[in-house]
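Can you make the complete structure from the sequences, with help from the hints?
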Amino acid sequence: MTALCVNNLSKSFGGLRVTANVNLNVAPGERRLIIGPNGAGKTTLFNLITGEIAPDSGSVLLFDQDITRVPSHRRAHLGMARTYQIITLFPYDTILRNVTLALLGLSRLRWDPFIDIDLQHDLIDRAREALARVGLDHIAHRPLSETAYGERRRVEIAMALAPAPKVLLLDEPFAGLSIDERRDVRDLLQKIPRDVTVVMIEHNMDVALDFAERITLLHFGEVIVEGTRSEVVADPRTREVYLGH
Amino acid sequence: MITPRHGASALAILALLSLPVWVGNPYYINIASQILLFAVFALALNVLVGYGGLVSLGHAGLFAIAGYAGALALQAGHGHFAADLFAIVVTLAASAVFAVLALRSTGIGFLMITLALGQIVWGIAYRWASLTNGDNGINVTTRPAPFGISLSRADTFYYATLLIFLFAVLTMTVFVRSPFGASLRGTRDQARRMTALGYNVWLVRFLAFLFSGFWTGIAGLLFIYYNQFVSPQVAALTGSAEVLLMVISGGTATLLGPIAGAAIVVIMKNVVSAYIVRWNLVLGVIFIVIITFMPEGLVPGSVRLWRWSWQKLRARRNGVAVRPAEERVP
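Chains as they are written, first to last, in the working numbering: chain U, 524 to 768; chain W, 355 to 684.
Among these hints, one or two may not hold up.
[Said to hold, decoys possible] From the derived model, a few chain W residues whose C-beta atoms are all more than 12 Å from chain U:
{"hint": "1", "residue": "358"}
{"hint": "2", "residue": "361"}
{"hint": "3", "residue": "430"}
{"hint": "4", "residue": "446"}
{"hint": "5", "residue": "462"}
{"hint": "6", "residue": "532"}
{"hint": "7", "residue": "544"}
{"hint": "8", "residue": "545"}
{"hint": "9", "residue": "565"}
{"hint": "10", "residue": "592"}
{"hint": "11", "residue": "607"}
{"hint": "12", "residue": "664"}
[Stated by the list, open to error] Example chain W residues on the side facing chain U (calculated, C-beta under 7 Å, incomplete):
{"hint": "13", "residue": "531"}
{"hint": "14", "residue": "537"}
{"hint": "15", "residue": "543"}
{"hint": "16", "residue": "550"}
{"hint": "17", "residue": "553"}
{"hint": "18", "residue": "556"}
Calculated directly from the structure, the hints in this document are not laboratory data.
The beta-carbon is built from N, C-alpha and C at its ideal position, and this holds for glycine as well.
Dropping the structure here:
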């Protein structure tokens, strides 16, 4: 059984082919790194996997269940979570409310128009636990707009992990972070339990290579190299794509 | 625990309850009824504009649908309860149609579709004379008399409107604090993220539209009982624009904002217009002043200015030159 299986996935925007017959098999609990130069189609691949955009052809399977036609929001209920390259949070709310919203998304309570959200102690306790895991519980009530970029990245990770996903897609989690913040986020990612399968897009090889067990190299929407860390790093096509020779 | 907010709310309710006593003149009591019924309308629109980020310019269409449905049912000989129920069901159905069509888009697209739908309602009210009596409108000859209390007097009608208004404020307060209210605000701020978190953004917006439509229908019914008349003018674009101005000028995504906005517009239209011929000009100037100095609206803007003044006063007392956050040099 694979946690995430992508079969011959293709997508074109007009005449531009951004994903071309991509195949990906990620085992349960695996840490997979997807690399490639800018414009390789990495984020588009994530958007296809999460259902934000529909593929032209191919299929996506989550734990052997075909989810190609499943609406994007339903995929979260099946255990898929993601983060964004550009941090996408709720700027007018507190950090705690941001994480509470993440938990509420999978709860039936989200439809309830009669109860007070601030009195849902179980939900709020779980949100606080999620924030404690990323070291932000001490500023839980701080408005998001008053937090630093690195803290927002950690909020985003807390939001992704809070609903206990089975497959987590991380889109450049180290983007825009300082060296210290990168180290903090790397430590956080290494603490993610093994029952969560992680697929990560990252440019920063210093931190990403430590994390990855297998690496997929995308170029012009195609998988050109896939293998273990050492195999991909040693492959001449990797150097060609990244160094041009 | 009793907070200053609770105290202020209690005082406001007391003032509203005693209004007919200290106002006395039935003309001004009727103005107060108008403010309350338009406040309900503005609160209903605020659900979409303020909490959903969906600016509608077609709500006068729904307001008129409720009015016409109620008036036609009464004209057909049905009782008030049946007519009101019929009007609400028809308004909810119309809201569902509006929502399905308008929620194909957001932003300017949503605004344009709702505007078009509102204009269609106006066109039907104006041209389908066999049903709506065209430009002549429909008279509503009687007001209801719940529990034997006739609402034909200014004060009794005021109390009935106040009761409905207070219930509307209560439901809006509960709604805003609820998980569903939080979900709606989330779809306003980050629709893409909300989808990734498992929310059906379309359905959240659709249900919010129905909630907004329900209270718009209630306001529409109050309006026809108040005027005892409904005509195509009720569905006109100016009606939609006016209620939108109430929401924006008072402050979107607040409970007090739309109420304050409704009070400003109704007072300008009914009271100031008696003294100043070009009252529209004054209203326009008021809106420009609000938008210039309080872009967030009158209520949140006043709160900001109050806090700023308070901070300044405290700083002066303590001999510390603290400047407000807005003025601080980075």
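Okay, the hints, checked on the actual structure:
Non-interface status of residue 358/W relative to chain U is upheld: no Cβ of that chain comes within 12 Å, the nearest being about 19 Å off. For residue 361/W, the shortest C-beta to C-beta distance to chain U comes to about 20 Å, beyond the 12 Å cut-off, and the non-interface label holds. Even its closest Cβ contact with chain U, about 34 Å, leaves residue 430/W beyond 12 Å, as expected for a residue assigned away from the interface. Residue-level check passed: residue 446/W sits 15 Å from the nearest beta carbon of chain U, beyond 12 Å.
Separation of residue 462/W from chain U is adequate, the least Cβ-Cβ distance of about 22 Å exceeding the 12 Å criterion. For residue 532/W, the non-interface assignment is contradicted: its Cβ lies about 5 Å from the closest Cβ of chain U, within the 12 Å cut-off. Separation of residue 544/W from chain U is inadequate, the least Cβ-Cβ distance of about 6 Å not exceeding the 12 Å criterion. Against chain U, the non-interface label of residue 545/W is violated: not every CB pair exceeds 12 Å, the least being about 10 Å.
Listed as a non-interface residue, residue 565/W fails to keep its Cβ farther than 12 Å from every Cβ of chain U; the least gap is roughly 8 Å. Distance to chain U confirms residue 592/W as a non-interface residue, since its nearest Cβ pair spans about 32 Å, more than 12 Å. A beta-carbon of chain U comes within 12 Å of the beta-carbon of residue 607/W; the shortest separation is about 9 Å. Every Cβ of chain U is farther than 12 Å from the Cβ of residue 664/W; the closest lies at roughly 20 Å, confirming the non-interface assignment.
Hint on residue 531/W holds. Least Cβ distance to chain U is approximately 5 Å, under the 7 Å limit. Taking 7 Å as the C-beta cut-off, the interface hint given for residue 537/W holds, the closest approach to chain U being about 5 Å. Annotation: interface hint on residue 543/W holds; nearest CB of chain U at approximately 5 Å, less than 7 Å. A hinted interface residue such as residue 550/W counts as satisfied when its beta carbon comes closer than 7 Å to some beta carbon of chain U; here the least separation is about 5 Å, so the hint holds.
Taken as an interface hint, residue 553/W checks out: its beta carbon lies about 5 Å from the nearest beta carbon of chain U, inside 7 Å. For residue 556/W, the interface hint is violated, the least distance from its beta-carbon to any beta-carbon of chain U being 9 Å, above 7 Å.
Hints 6, 7, 8, 9, 11 and 18 from the earlier list are contradicted by this structure; the remaining hints agree with it.
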